[in-house]
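S.K.: When you line the sequence shown up against our numbering, it's residues 6 to 183, in that order.
Heads up, some of the hints might be wrong.
The calculated SDA-like cross-link candidates involving lysine to any residue, where the alpha carbons are at most 20 Å apart (straight line), are [to be verified]:
| # | residue 1 | residue 2 |
| --- | --- | --- |
| 1 | Lys7 | Asp166 |
| 2 | Lys55 | Glu44 |
| 3 | Lys78 | Pro126 |
| 4 | Lys98 | Ala113 |
| 5 | Lys98 | Thr112 |
| 6 | Lys130 | Arg120 |
| 7 | Lys78 | Asp88 |
| 8 | Lys98 | Val116 |
| 9 | Lys7 | Val39 |
| 10 | Lys7 | Glu167 |
| 11 | Lys78 | Ala113 |
| 12 | Lys78 | Thr47 |
| 13 | Lys78 | Ser43 |
| 14 | Lys130 | Met74 |
| 15 | Lys98 | Gly33 |
| 16 | Lys98 | Arg35 |
| 17 | Lys98 | Ser64 |
| 18 | Lys133 | Arg91 |
| 19 | Lys121 | Asp134 |
| 20 | Lys78 | Gly127 |
Keep in mind the hints are simulated off the structure, nothing from the lab. Given the structure is predicted, the values throughout are model-derived calculations rather than measurements.
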Amino acid sequence: MKTIAVVLENGFEEIEAVTPFDVLIRAGFRCEFVSTKSESVTSSRGMVIKTKKVTSLDSYDMIVLPGGMPGAKNLSENVIVLDAVRSFLQEGKKVAAICAAPALVLTAAGVTAGRKVTCYPGMEKYFKDADFSEDRVVTDGNLITSRGPATAMEFAFTLADELGGNSQPVKDGMLYIR
Numbered sequence: 006m007k008t009i010a011v012v013l014e015n016g017f018e019e020i021e022a023v024t025p026f027d028v029l030i031r032a033g034f035r036c037e038f039v040s041t042k043s044e045s046v047t048s049s050r051g052m053v054i055k056t057k058k059v060t061s062l063d064s065y066d067m068i069v070l071p072g073g074m075p076g077a078k079n080l081s082e083n084v085i086v087l088d089a090v091r092s093f094l095q096e097g098k099k100v101a102a103i104c105a106a107p108a109l110v111l112t113a114a115g116v117t118a119g120r121k122v123t124c125y126p127g128m129e130k131y132f133k134d135a136d137f138s139e140d141r142v143v144t145d146g147n148l149i150t151s152r153g154p155a156t157a158m159e160f161a162f163t164l165a166d167e168l169g170g171n172s173q174p175v176k177d178g179m180l181y182i183r
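Starting from the given sequences, assemble the full structure and let the hints guide the process.
M.R.: And the structure:
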C-alpha cells in the first residue's frame with residue numbers, strides 16, 4: 006500500500022491539508038500528517054493537528070505540501086523538506102504542492118526549471134524559470150501543483166489517480182460534480 010506524507014508546518018492552510026488527506030484515505034491509500042519539528046502543528050486559523058514527528062521523508066511514496074501563510078514559508082525554510090523535494094523528483098517519486106507552496110517551496114528547492122506549474126494568484130512572480138499555467142491543477146511528470154483552497158478537491162482526486170488509484174468511486178461517494 007502506498008503511503009503519503011502531508012507535511013505540515015505552523016501556519017498551514019486547513020483545507021489544503023485535510024482535503025488531500027481525507028480523499029487519499031477514501032481512495033485506499035495510507036496517509037499521515039507529518040512534521041519535522043513537533044508532534045502537533047497549528048494551522049493559520051488555529052486548528053491543531055497531531056502529527057507524526059519524522060527526521061526523514063524517504064519512506065513515503067508521495068509528499069503533499071499545503072500552502073497557507075506562514076506555513077508555506079516555513080516549509081520553504083525547512084532543509085529536510087527541501088532535500089526531500091529534490092530527491093523525490095530525482096527518484097521518480099511524486100511531489101504535490103498547492104497554493105503558495107509551489108511558488109515558495111519548489112523554488113526554494115530549485116526544482117522548477119522548465120517545469121509546468123501553477124500556484125495561488127500573485128505568487129507566480131517567484132517562478133523565474135518555470136512554465137506558469139493558470140490551470141486549476143497541473144501535472145508535469147511526477148510533480149503536481151494546484152491553485153488554492155477552492156481547488157483542493159480536484160487536486161486531491163488528481164493525486165489519487167496519479168498514485169494509481171481510481172478517484173471516480175470516491176467522487177461518486179462524495180457527490181463531487183465538476
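S.K.: Each of the hints needs a verdict: does it hold here or not?
M.R.: To see whether the hints hold, each was checked on the structure:
1. Lys7 with Asp166: Cα-Cα ~12 Å, so holds.
2. Lys55 with Glu44: holds, 6 Å
3. Lys78 with Pro126: holds, 16 Å
4. Lys98 with Ala113: holds, 19 Å
5. Lys98 with Thr112: holds, 18 Å
6. Lys130 with Arg120: Judged against 20 Å, a Cα distance of about 15 Å means the pair holds.
7. Lys78 with Asp88: holds, 15 Å
8. Lys98 with Val116: Answer holds: lysine 98 to valine 116 is near 14 Å, not above 20 Å.
9. Lys7 with Val39: Within the cut-off at roughly 15 Å; holds.
10. Lys7 with Glu167: holds, 12 Å
11. Lys78 with Ala113: holds, 10 Å
12. Lys78 with Thr47: Judged against 20 Å, a Cα distance of about 14 Å means the pair holds.
13. Lys78 with Ser43: holds, 17 Å
14. Lys130 with Met74: Holds, at about 16 Å.
15. Lys98 with Gly33: OK: lysine 98 and glycine 33 at ~18 Å, within 20 Å.
16. Lys98 with Arg35: holds, 16 Å
17. Lys98 with Ser64: Holds, because 11 Å separates the two Cα atoms, which is no more than 20 Å.
18. Lys133 with Arg91: holds, 18 Å
19. Lys121 with Asp134: holds, 10 Å
20. Lys78 with Gly127: Holds, at roughly 15 Å.
Checked against the numbered hints above, the structure breaks none of them.
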